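S.K.: Sequence:
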Amino acid sequence: MANNLDELPGLDKAAILFQVLGESLSLSMFQGISESDLLRIRVRSKELINVPFEVKQTIVEEFYFKMMTQKYRQVDKSKKLFAFLDDLNDEQIYYLISTESSRIIALALDQLSEARKFKILNRFDSAAKHNIIIEFAELNDIPLEAVVNTAQELKKKTSFIPGPKEFTRGGAKSIAGILNQMSMDDSEQYLQQIEIDDPELFAKVKKY
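Just so we're aligned, residue 24 is where the sequence shown starts under my numbering, counting upward by one.
These are calculated hints, taken from the structure and not from any lab test.
Small disclaimer: the values here were computed from a predicted structure and weren't measured.
C-beta atoms are modelled at their ideal positions from N, C-alpha and C, and glycine is treated no differently.
Fair warning: there could be bad hints in the mix.
[What the hints assert, rightly or not] Between beta-carbon pairs, the in silico distance windows are: (1) ALA138 - VAL66: 36 to 44 Å; (2) GLU176 - ARG139: 17 to 25 Å; (3) GLU114 - SER57: 47 to 55 Å.
[As the list claims (entries may be wrong)] Result set (DSS-like, lysine-lysine): computed pairs, CA atoms no more than 25 Å apart in a straight line: (4) LYS103 - LYS142; (5) LYS103 - LYS196; (6) LYS140 - LYS179; (7) LYS79 - LYS140; (8) LYS229 - LYS196; (9) LYS36 - LYS79; (10) LYS230 - LYS196; (11) LYS180 - LYS142; (12) LYS140 - LYS178; (13) LYS103 - LYS227; (14) LYS178 - LYS152; (15) LYS69 - LYS36; (16) LYS152 - LYS142; (17) LYS179 - LYS227; (18) LYS140 - LYS103; (19) LYS227 - LYS196; (20) LYS180 - LYS103; (21) LYS140 - LYS152; (22) LYS69 - LYS79; (23) LYS142 - LYS178; (24) LYS152 - LYS196.
Take these sequences, add in the hints, and give me the full structure.
M.R.: Encoded structure:
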């Protein structure tokens, strides 16, 4: 085994990790490695004896650092996967995710700023909101592949979302439009009732 850690072959480093972590944990960490390479690592781990503690510690720290770096890259990648949400307004995002499962809703909302996340979350009823909030704590358990698939599916659905100007939410203008289609007597009757029930709304309708 090389004395200089920088000169230590990758096989030796993997073998030392195999020693430190144990076979069960190592196998879960070394996913994607061929059976022949795993066999070489097993054999080499038995050959390496009396490895200094400092060397083992440095290799484990190096592995941990690489693993954490990869994790943050994945997080950054997931953020970019949902970049299409930035082009949607709050109304469109709610329209997009409102019929999805609580987990998917939580995943989508987690890509937004805290202000937007809270604003859209408040559009759901109490029971749905509770389930969504619970799912926020479980998002780390979602495999990256599932995150990617979710992002792709939601992105496809955005093509069916009405544009911002296509959304209507009623209001005085809508009421005025309906009244204009009525006979004079009927519209006057409705206006009188609106004036009694909601003077503020009556004033707004009269503007149209």
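S.K.: Could you work out which earlier hints the structure fails to respect and list their numbers in ascending sequence?
M.R.: 1, 5, 7, 13, 17 and 24
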